[in-house]
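Novice: Listed in order, the protein sequences are those of chains D and H. Numbering that gives the first Met the number 0 numbers the first residue of the first sequence as 0 and each following residue consecutively. Numbering that gives the first Met the number 0 numbers the first residue of the second sequence as 0 and each following residue consecutively.
Keep in mind that the hints were calculated from the coordinates and are not lab data. Any given hint could turn out to be false.
[As the list claims (entries may be wrong)] Quick partial rundown of chain D residues pointing at chain H, CB under 8 Å, derived from the structure: (1) LEU23; (2) LEU27; (3) PHE28; (4) ALA101; (5) LEU107; (6) GLN121; (7) LEU254; (8) SER258.
No residue lacks a Cβ here, since even glycine has one placed at the ideal position from N, Cα and C.
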Amino acid sequence: MSAIGTSMNAGAASSWPRMFGIALLLALFAFVIFGPLANLFLWAFAEKWYFPSKLPQEFGFTFWARVFAPRGNALASLGTSIWIALLTVLMSLIVAIPAGYALARLRLRWRSLILLAFLLPQAVPNLPVYVNIARVFYEIGLNGTILGVVLVHAAHGLVLAVWIASAAFASVDVSLEEAARNIGASPWTCFRTVTLPLAAPGLIASAIFVFLESLDEFTGTYFVGVPDVTTLPLLMFNASMGGNYQIASITALLLLVPSIAFMLVVERFLKADVLAMVGR
Amino acid sequence: MSRADSRSLARNCAVLGMTKSDATVGAWRAYALVGPALAVIAVFFVLPLAMSAVLAFRGKTGEFTLEHFDKSWDLYRTDLMFTIGIVLLSTVLIGVVAIVIAGYLTLGENPRAVAVLRWLYRWPLFIPFIVTGQVMRTFLAKNGMLNHVLIGAGWVEPLAAQSVLDWRGIVVAFVWKQAPFVTLLLAGAMASLETQHIEAARNLGAPRWRVLIDVILPQVRGTLLVGLVLSFVTMLSVLSVPLMINPNSPTMMTVDVAYRINTHGDYAVANALCLMSLVVAGFGAWFYLRHSARSFSQ
Numbered sequence: 000m001s002a003i004g005t006s007m008n009a010g011a012a013s014s015w016p017r018m019f020g021i022a023l024l025l026a027l028f029a030f031v032i033f034g035p036l037a038n039l040f041l042w043a044f045a046e047k048w049y050f051p052s053k054l055p056q057e058f059g060f061t062f063w064a065r066v067f068a069p070r071g072n073a074l075a076s077l078g079t080s081i082w083i084a085l086l087t088v089l090m091s092l093i094v095a096i097p098a099g100y101a102l103a104r105l106r107l108r109w110r111s112l113i114l115l116a117f118l119l120p121q122a123v124p125n126l127p128v129y130v131n132i133a134r135v136f137y138e139i140g141l142n143g144t145i146l147g148v149v150l151v152h153a154a155h156g157l158v159l160a161v162w163i164a165s166a167a168f169a170s171v172d173v174s175l176e177e178a179a180r181n182i183g184a185s186p187w188t189c190f191r192t193v194t195l196p197l198a199a200p201g202l203i204a205s206a207i208f209v210f211l212e213s214l215d216e217f218t219g220t221y222f223v224g225v226p227d228v229t230t231l232p233l234l235m236f237n238a239s240m241g242g243n244y245q246i247a248s249i250t251a252l253l254l255l256v257p258s259i260a261f262m263l264v265v266e267r268f269l270k271a272d273v274l275a276m277v278g279r
Numbered sequence: 000m001s002r003a004d005s006r007s008l009a010r011n012c013a014v015l016g017m018t019k020s021d022a023t024v025g026a027w028r029a030y031a032l033v034g035p036a037l038a039v040i041a042v043f044f045v046l047p048l049a050m051s052a053v054l055a056f057r058g059k060t061g062e063f064t065l066e067h068f069d070k071s072w073d074l075y076r077t078d079l080m081f082t083i084g085i086v087l088l089s090t091v092l093i094g095v096v097a098i099v100i101a102g103y104l105t106l107g108e109n110p111r112a113v114a115v116l117r118w119l120y121r122w123p124l125f126i127p128f129i130v131t132g133q134v135m136r137t138f139l140a141k142n143g144m145l146n147h148v149l150i151g152a153g154w155v156e157p158l159a160a161q162s163v164l165d166w167r168g169i170v171v172a173f174v175w176k177q178a179p180f181v182t183l184l185l186a187g188a189m190a191s192l193e194t195q196h197i198e199a200a201r202n203l204g205a206p207r208w209r210v211l212i213d214v215i216l217p218q219v220r221g222t223l224l225v226g227l228v229l230s231f232v233t234m235l236s237v238l239s240v241p242l243m244i245n246p247n248s249p250t251m252m253t254v255d256v257a258y259r260i261n262t263h264g265d266y267a268v269a270n271a272l273c274l275m276s277l278v279v280a281g282f283g284a285w286f287y288l289r290h291s292a293r294s295f296s297q
């Protein structure tokens, strides 16, 4: 029976009841994925939505106007979030590019141990770290400052930055570098004009990853940023806990846009040859 | 020969794996390049972690004590069990979902269905936990879309509709958010397998689920385990989801830690709780290491 089923692959796959079953399952899966997002969407445009109505009684943009009001909190938080994310990218790349290059090209004893060290912030629960950083930062006056939040975000984003940068450098063909060196380029010129441009797509991908992680980070900012640094995730959280679902949903949508936009283009930056080198 | 030249020679030697004395010069530079990044990890990650371990055992006058653990155990042992239960259950469900989806992506015979599934499953991957929390807070609520659809389909009586915003909500949020991550890793590993074994098994008449379980899964077990252990640890330290979906007792330990700090300024008990969740995470790491040690020895 199963032998027949598999030897007639093409025929079985296109039979109608089976196609219908597959379509039904996919539709169900689509609901699981998009249902929650659709609910968020509805809340973002709901003027009034009282129990037990299935859909909002009124749709409108009043809350959007409130979020985007010139002196609204949301725009300020968005600005803070983007500023923090940019600084985090800058800081991560400054230390990650040399580290990634060394890990990809130079001989290091304990190389895999060093790679693992960067994984630590992702592989160990972060809460104890944030709790104690917040305590120390409070004493030295870094709590509630942009710099404090950037430092926390950068430490957490480094694994992505270093691992992807290392993979990006490793995927650059060594013979191209050797060719440049053979015709007299200095190491620095060779790095600047050959290695760096070839590794650039991977480095951009790592920069975007770090940017998004910083943009979406909640727990670290929750402990280290209080009370003065309000990023978009914190604003969303406060609105949601305050029962203001419209504001929370609109803020959530704002947070979703960059993430989803990136998802749709990530493969353009992160080619398979780079992906294959990640963590090696 | 200028200094720059000799240095670059050493570098090239290091690249090409040349003699030992040249390589030491290269090695010195390599450590200098890696140093700053390692320093960031050391100062802003390892140090606070070590502080957590110290503070959890330190009494008021600096003496060694276990009182913070006693207190944590007294107040929060239900939450500890609750946390372990939720995270374990989520991990298992994530594994099952990831295997099913990645398996279909690898073995599916209807190219259109595979393409649609590949397009669909990734969406939650880049959605932050905090947004997942908000999304589920509306979707799973009594007046949420889930209940409306269930009522509309006639599966649930309107009066019997209930909120799922308790431990079940946390599990749903975790699986929804993390399963795509493990699926991505797993599907990638499956795609890079050699197809001969799979084709051989298929030609011998093995049904697809058997091929998945007997031929493919054993070869990608390592990747699956890495994904699951990373998810396990991540879920252990997520604060936003339990805070937004189920902040009342019994809840997850992360919520307790935030409460001890924000309400009582009690860093000692907070650190003891953190250490407890580190131990739980350690079990995950131990599980992983035991597995990878075994696969190395093979």
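Novice: Hint by hint, note whether the structure agrees.
Specialist: Status of the hints after comparison with the structure:
A distance limit of 8 Å between C-beta atoms decides the matter here; for LEU23(D) the minimum to chain H is near 11 Å, and the interface restraint is violated. Interface restraint check: LEU27(D) against chain H, minimum CB-CB distance 11 Å, threshold 8 Å, status violated. The interface hint given for PHE28(D) is met, as the beta carbon of that residue sits about 6 Å from the closest beta carbon of chain H, less than 8 Å. Because the smallest distance between the Cβ of ALA101(D) and any Cβ of chain H comes to about 4 Å, under 8 Å, the interface hint for this residue holds.
Here the hint on LEU107(D) is kept, as its CB sits about 5 Å from the closest CB of chain H, short of 8 Å. Taken as an interface hint, GLN121(D) checks out: its beta carbon lies about 7 Å from the nearest beta carbon of chain H, inside 8 Å. Interface restraint check: LEU254(D) against chain H, minimum CB-CB distance 5 Å, threshold 8 Å, status holds. For SER258(D), the suggested interface contact is upheld, since its CB lies about 4 Å from the closest CB of chain H, less than 8 Å.
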